[in-house]
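Put chain B on the given structure of chain A with help from the hints.
So the chains spell out like this:
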Amino acid sequence: MGKLSKAAWLYIGAVIIAAALPIARGPFAEINWTAVITLGLLLAASESTATLLESRSLAWSANSVASLAAVVLTGPVGAALVACCTLLGIRRGPSPMQRLFNTGMYALSAYLAGQVFLLFGGQVGTPGTSSFPGIIGPYAAATVTHVAVNFALLQGVFWLAPTPRTTASRLDLGLLVTDVGYGALGVLIAALWEVLGPFTPVLVLIPLFVARWAVAQFAAQQRAYEATVSALCQAVETKDFYTRGHSERVSKGSVMIASEIGMHAERIAAIRFAGMLHDVGKLGVPTAVLQKTGRLTDDEYAAIQLHPMRGLDIVRDIGFLDEALAGIMHHHERIDGKGYPMGLAGDEIPEFARVLAVADAFDAMTSNRAYRGARPVSAAIAELRKCAGEQFDPAFVDAFVAAIDRDGWAEPQPVPGDNTEKALPADTDGQAGPLIIESL
Amino acid sequence: MAVRRYEQPGYSRNILDSGQALLVIVAGVLLIVAITDTAVADVTDVSAAIAFGALIAFGELLRLTLPGDREAAPIAAAGSLAYALLIRVQDMPARNSMQQVVAVAAVGMLIGALPHLAVGRPARLTSMAARLVAVACVAAVFRPLAGHQVISGHWWSALPVMLSLVVLAWLVEAAIAALVRTDVLRARFGVALADELRVQLPLGVAVGTSALLIAFAAEVMGLFAVAVFAAPLLVTQVALRRFAGIRATYLQTVRALARVTEIGGYVEAGHSARVSKLSVDIGRELGMPEADLLELEYAALMHDIGQLSLRDPIPGGATVLVSREEQRRIAEYGAEVIQQAKVLDSVADIVRRQSDPARMPNRADEPPLSSRIIRAANAFDDLVGSSVEPSRAAAAVERLRLDTAGEYDPAVVEALAALVARRP
Numbered sequence: 001m002g003k004l005s006k007a008a009w010l011y012i013g014a015v016i017i018a019a020a021l022p023i024a025r026g027p028f029a030e031i032n033w034t035a036v037i038t039l040g041l042l043l044a045a046s047e048s049t050a051t052l053l054e055s056r057s058l059a060w061s062a063n064s065v066a067s068l069a070a071v072v073l074t075g076p077v078g079a080a081l082v083a084c085c086t087l088l089g090i091r092r093g094p095s096p097m098q099r100l101f102n103t104g105m106y107a108l109s110a111y112l113a114g115q116v117f118l119l120f121g122g123q124v125g126t127p128g129t130s131s132f133p134g135i136i137g138p139y140a141a142a143t144v145t146h147v148a149v150n151f152a153l154l155q156g157v158f159w160l161a162p163t164p165r166t167t168a169s170r171l172d173l174g175l176l177v178t179d180v181g182y183g184a185l186g187v188l189i190a191a192l193w194e195v196l197g198p199f200t201p202v203l204v205l206i207p208l209f210v211a212r213w214a215v216a217q218f219a220a221q222q223r224a225y226e227a228t229v230s231a232l233c234q235a236v237e238t239k240d241f242y243t244r245g246h247s248e249r250v251s252k253g254s255v256m257i258a259s260e261i262g263m264h265a266e267r268i269a270a271i272r273f274a275g276m277l278h279d280v281g282k283l284g285v286p287t288a289v290l291q292k293t294g295r296l297t298d299d300e301y302a303a304i305q306l307h308p309m310r311g312l313d314i315v316r317d318i319g320f321l322d323e324a325l326a327g328i329m330h331h332h333e334r335i336d337g338k339g340y341p342m343g344l345a346g347d348e349i350p351e352f353a354r355v356l357a358v359a360d361a362f363d364a365m366t367s368n369r370a371y372r373g374a375r376p377v378s379a380a381i382a383e384l385r386k387c388a389g390e391q392f393d394p395a396f397v398d399a400f401v402a403a404i405d406r407d408g409w410a411e412p413q414p415v416p417g418d419n420t421e422k423a424l425p426a427d428t429d430g431q432a433g434p435l436i437i438e439s440l
Numbered sequence: 001m002a003v004r005r006y007e008q009p010g011y012s013r014n015i016l017d018s019g020q021a022l023l024v025i026v027a028g029v030l031l032i033v034a035i036t037d038t039a040v041a042d043v044t045d046v047s048a049a050i051a052f053g054a055l056i057a058f059g060e061l062l063r064l065t066l067p068g069d070r071e072a073a074p075i076a077a078a079g080s081l082a083y084a085l086l087i088r089v090q091d092m093p094a095r096n097s098m099q100q101v102v103a104v105a106a107v108g109m110l111i112g113a114l115p116h117l118a119v120g121r122p123a124r125l126t127s128m129a130a131r132l133v134a135v136a137c138v139a140a141v142f143r144p145l146a147g148h149q150v151i152s153g154h155w156w157s158a159l160p161v162m163l164s165l166v167v168l169a170w171l172v173e174a175a176i177a178a179l180v181r182t183d184v185l186r187a188r189f190g191v192a193l194a195d196e197l198r199v200q201l202p203l204g205v206a207v208g209t210s211a212l213l214i215a216f217a218a219e220v221m222g223l224f225a226v227a228v229f230a231a232p233l234l235v236t237q238v239a240l241r242r243f244a245g246i247r248a249t250y251l252q253t254v255r256a257l258a259r260v261t262e263i264g265g266y267v268e269a270g271h272s273a274r275v276s277k278l279s280v281d282i283g284r285e286l287g288m289p290e291a292d293l294l295e296l297e298y299a300a301l302m303h304d305i306g307q308l309s310l311r312d313p314i315p316g317g318a319t320v321l322v323s324r325e326e327q328r329r330i331a332e333y334g335a336e337v338i339q340q341a342k343v344l345d346s347v348a349d350i351v352r353r354q355s356d357p358a359r360m361p362n363r364a365d366e367p368p369l370s371s372r373i374i375r376a377a378n379a380f381d382d383l384v385g386s387s388v389e390p391s392r393a394a395a396a397v398e399r400l401r402l403d404t405a406g407e408y409d410p411a412v413v414e415a416l417a418a419l420v421a422r423r424p
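Order-wise, the sequence lines are chains A and B.
All letters in the first sequence, in the order written, are residues 1 to 440 by our numbering.
All letters in the second sequence, in the order written, are residues 1 to 424 by our numbering.
Chain A on its own, in the form it takes in the complex (with noise of 0.2 Å):
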């Protein structure tokens, strides 16, 4: 915290406003307490047990079903009063400042959602036989508001105050899909409220539990990916380990050429991880060849220019690769079509491995190897601008000098000649504090 800028105080300020009027305003006469303490206690069990999503700075619990439901039984400014039950949940984490920014923008979704329901022709209180199938489309409205303003307020706090870890891109669609879905759960409740009255939350919690786990598999998809690359990644610097680092940062350079020219967020990841396993093939090459100092025979050099082909033989199954499969086949083909494994050229060279061949170079020239020392930043650059149109795709060198000259380039450590000592690649991203918001 702390760091905010001045915009973003005021945004969060303005947010908790918006939440805190209409509440203040009223009406109450009309609001049915023991389903807004029944649900507010859902709600703050829900808050307690919520989920972290990829990156620590996103969490994500069942509350819009408790404000949905209450949106039902007892109209807008209940389901504002349950909202703000989120202040209740216990879990370590957000900060106070959080907490309040996470309550304000939960009861605004609320109370919009409330008003969009009324606006709709929904009837607020209990639903008996005779409110089916009428309720329905009111009900769908609410809950699209309620999970389109939630996902609006968060955007604007992204925006404003950004972290290195949270893009806006991490609020994927298939996220947003899965609130709309279990916010149907909401007018269950609210159903239900005629059968079981207030014991219904109790029957209700298991599969809000579901949910929980159900997004839980967001993160733990995302780490399944990232282990597996680390473990391959590391499989190779055990084998060789001269290219410490190298991997990590071929991934880097790679991301920071694909961002500049725009690419696609879910693109830009898949570019990563083959950033990341561009030398995997390098396993299948004997290490008396690869750490040779002296001159490559025919034999060796042509066991060398193996290693994309096998690359892809170690990493062909692993199914979330996909596109990165092509840039690990092809990142050593050349645009004039000298390259391997296929003398591709021009166009025929797949994106990926275009931009792989650019950072590839790049690392391996500024990096220190068996067979020379490392040559500088600018050097490098030289020779990246000298070999565009023949070995190079004259874009992504462009890309790629823009954002080396806006963001500059972490060299790498020199890489210690014992190799049981653990090297970390040189690693200068920005973790500037924690990060400031929480929730969805």
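If you are wondering where the hints come from, they were derived from the structure by calculation, not from laboratory data.
Careful: at least some of the hints might be erroneous.
As the list claims (entries may be wrong) - Quick look at which bits of chain A chain B covers, simulated, 3 or more residues with Cβ under 8 Å:
#	segment
1	132 to 146
2	185 to 194
3	223 to 232
4	313 to 320
Note that this is a predicted model, so its numbers are computed, not measured.
Just so it is clear, CB atoms sit at the ideal spot from N, CA and C, and this is done for glycine as well.
What follows is chain B alone, placed relative to chain A:
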């Protein structure tokens, strides 16, 4: 020269077929009786039958394979249980008979299975039969009670009955699945049942509560409860698929790492796969639960990954031939690679300890069972290789037996001997 007969190794297929066939026949008889009965007695509450049948068909269409090669159709299961537990649809008492529940569930499942058949995915009859039998049990108990004043009067009297029936469905399905698994995999029934109960618990809870909620909600919402509830069920289903995908990713990674040593020429092609298969067979013979078997499989596939740290491959990749120190170093490097995949920590530990002798002066220092199994399986494969010569296998077992005082675990070696003896 004598003619040698080649047979499928392992279990006898006849027994297997008869056990599963019995299950399918029971389900088939249920189905026929239910459908004829319903046809004779006329379908009651046609719209409810159609709504639930549609949900079941839809769920069957979306069935998925969960880790451990288990087929599940959670939406279909929730739908058919809900139909069995129905008390009222809005103000009308539900009058669907037990036969009708089974008939609707069966027809729904068949319709949902048709598209799978059309694209060439064979139906897994045992799995469908198990689900049908579970629903039939619940319906048989609850349908006669549904109209009774005690049940239909108050939710608090109905709830415990419904809850225990949901538990019953879970037990029945787990027991049937365990029986089938005992048959197919030669697992012990007790172990298999414990595995099934554990694995199916989370899904069973989710399916059971969904069924309860749909049944209760139908009292107010009528059949719209089915439509409204389909949304969260669908989202959960997507998450389940994601979950299965995650497990698949780990397996793919482990396989890729196992392939690395073969492509790099460190071990003979097929070695990792053989050691892994043999290890899992030994583990099952020793009654290990499924979760441990999975870790054992992963560890065995990757047990040689540490050899990547060697500048030159060991001739033939046979770690059994190098010094204890070298073995330990290889195991340590391997564990380091696996540790990068954070969730596989215990796998890394198994790989790390594989070079330790199985018997230690102090029992507490002994490596985990999985490590001891891999040690024996690896040594066996180094000695035998891809050869299928029975005499060579027997000789290898004898050699391992000689070392059971220190190097190898006698129980593991005996399990291995039993497996080898069962080979044709």
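Quick rundown of the hints versus the structure:
1. 132 to 146: holds (count 3)
2. 185 to 194: This one holds; 6 residues, not fewer than the three required, reach chain B with a Cβ under 8 Å.
3. 223 to 232: Holds, because 8 residues of the segment 223 to 232 of chain A bring their Cβ atoms closer than 8 Å to Cβ atoms of chain B.
4. 313 to 320: Coverage by chain B holds for the segment 313 to 320 of chain A (7 residues, Cβ < 8 Å).
The structure meets every hint from the earlier list without exception.
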